[in-house]
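For the protein sequence lines, the chains are A and B, in the order given. Per the UniProt record's numbering, residue 1 is the first one in the first sequence, and the count goes up by one each step. Per the UniProt record's numbering, residue 1 is the first one in the second sequence, and the count goes up by one each step.
Note that these hints are calculated values from the structure, not bench results. Careful: at least some of the hints might be erroneous.
BS3-like cross-link-like pairs, simulated, lysine-lysine; straight-line CA separation at most 30 Å [claimed, not checked]:
hint	chain 1	residue 1	chain 2	residue 2
1	A	309	B	267
2	B	267	A	264
3	A	139	B	267
4	B	34	B	64
5	B	258	A	139
6	A	83	A	64
7	B	258	A	264
8	B	64	B	174
9	B	64	B	23
What the simulated footprint calls covered on chain A by chain B, stretch by stretch (three residues with Cβ under 8 Å from a Cβ of chain B suffice, anywhere in the stretch; the number is not a length) [as the list claims (entries may be wrong)]:
hint	region
10	184-194
11	236-244
For clarity, every value in this text was computed on a predicted model and none was experimentally measured. By construction, the Cβ of each residue, glycine as well, lies at the ideal position given by its N, Cα and C atoms.
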Amino acid sequence: MNSPLLRVKDLTIDIPVGGGTLNAVRGIDFDLNRGETLCIVGESGSGKSLTSLALMGLLGGRIKRTASQMEFDGIDLTKANSKTMRALRGDRMAMIFQEPMTSLNPAFTIGNQLMEALLLHRNVGKEAARARAIELLEKVGITAAESRLSQYPHQLSGGLRQRVMIAMALMCEPELIIADEPTTALDVTIQAQILRLLVDLGREMNMAMILITHDLGVVARVADKVAVMYAGELVETGSADQVFNAPMHPYTRGLLRCIPQPGKTERGARLGTIPGIVPNLVGGVTGCPFRTRCDHAVAACRNAIPHRKPAENHRFRCVHETGHQTAETVV
Amino acid sequence: MSNTDTTQPVLELRSVSKTYTVKQGMFGKPKPLKAINDVSISLKRGEVLGLVGESGCGKSTLAKILLGLEEPTKGEVRVDGEVIGATDRRTLARRIQPIFQDPYSSLNPRKSIEDIISLPLRVHSIGDSNTQDKAVREILDIVGLPQRVMRTYPSQMSGGQRQRVAIARALIMKPEIVICDEPTSALDVSVQSQILNLLNDLRAEFNLTYLFISHDLAVVEHLATRVAVMYLGRIVEESSVGGLFDTSGHPYTQALLKSVLTPEAGKGVPDTELGMEYPNPIAPPSGCHFHPRCPMAMTHCATVPPRPVPTPEGHVECHLFDTENGHDTGTPLMREGV
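Working from the sequences, and respecting the hints, build out all of it.
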């Protein structure tokens, strides 16, 4: 087995705030192989977007990032200076953001923005860059690609803008794509088309992809690997099949009970809920961050939480070996 | 809420249309945009009508008309049999109240929660400050917020708590109808389920009627009793929730249902077969507005607008179901990109 494209060990992100330090991400580990899709799923404030920004070296100067290992294809990202990171970004690793209207520059044409990365990273002329831009716009399913090059972002619909964002990320054939909520702002029909496109292109180009989302439906359909994030920690990781069909962590099970599942949940029946709120992460977080909202919490949840491994590639963190204290009543 | 007659619709739209005039470019000729095109809906007390469709289909315009914020160009809206427009805004506001999508922008950040919730009472001069205070405390209890939040401000609350405040503000007037415009789409899943449960409980307790606008079909299926599917200002299919989700007819409804990503691992992303983007509402396609994206389109779909065809529990607007129009004469139409 080859070494993974991306290996992250013990990634920690601290943000200095008025009253001390916000421990936004605490000791997360994951590996990603070429051609694989990892979905990081979690609710707002769980640290999933910070994690992706940390990988790209895009955190603000005040934010402190540490890791015992963070390697991209043998390059140590913890030691990489800004020049190395600039050379990687847009070339070998690229990012797709949630809101295409705010992440495209309204003052430049689509063509201009598409060609920028290629002209910057590769020794190609304008003609070649233009040809590549047209090729990629066609690949992401945009008709009349050539005429789009001279258009500005406001002249395109939301779905088209997101396709342009994808084409832009693909210009240099990156080995890793990080997509942060790429379909959240889109209609369901367009969402399905964009996700299909990402999955197909990823397979075709053997790209690794990290998809950040709060939508469990998207995760189930797209992910090879799933990482469930809660309050800055990965509470459960595994294959999509393991996490959705044999969820171990009480938070994962709680989330799955919260959403109405067509064909499974009885129409109009009460949905499951997770009582309480996310804990304050300012100043030393100890024990399990979910314990204040967990039905299975015991005194030991205040101490260090063991890593459990119920199956190959399936991990979760809980004091209970089975993720339960007592049997749960299934709603 | 003395009206216990269950046959009389509490809310009725009769052939409602809303046309805007949109200028195209600086010197362009103004063109009509039919945001709502001859829509009829009838809702009985206690029903929840889920309204679904892609952005730009006219869902929000319909909500504005119902709230009296926009006047229909044609047709009439009746609440309890009375035509609105003839009744004034104040009377209407006592009967119909909204809950909006974004609890961050729909609450005034400079007012305390007590002020926000009691404002409708003060506007309508209902009771004195004592009874208003009591009413606010009662409604906080009903929506599951502690009394101590009365003195706090929206910025001190979480998204879920803010949406509870918005619900409290809507319910303090004891309305009959609540228009919920994407009430949970800005919320996290664990909070969404709490708000959906609350809306369901409140409906049962106060016999409320909801118009529930959402792009999340799983949520609509869960909460609604009836569902209307909108496309370019027309309701192309309407049915009971069972009728629509179990045996949907219109190809557009089927495509929408197909695009729902249920959390089932290993199923992959479905192909909606919708081909093209949502059309420009200023220049809607001829014939059946849906024909350029329809996988079942026949030749006459491009020229003849479909009529509403009655179904066991509602109606559908599609030539496939219009036997008198003779769909067997049609031949499949080639679509772009298929």
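Taking the hints in turn, this is what the structure says about them:
1. 309/A to 267/B: holds (25 Å)
2. 267/B to 264/A: holds (16 Å)
3. 139/A to 267/B: The hint holds at about 24 Å.
4. 34/B to 64/B: Roughly 15 Å between the alpha carbons, so the hint for residue 34/B and residue 64/B holds.
5. 258/B to 139/A: holds (24 Å)
6. 83/A to 64/A: holds (19 Å)
7. 258/B to 264/A: holds (16 Å)
8. 64/B to 174/B: At roughly 20 Å apart (the allowed maximum being 30 Å), residue 174/B and residue 64/B satisfy the hint.
9. 64/B to 23/B: holds (22 Å)
10. 184-194: holds (count 7)
11. 236-244: holds (count 5)
In summary, the structure agrees with every hint in the numbered list given earlier.
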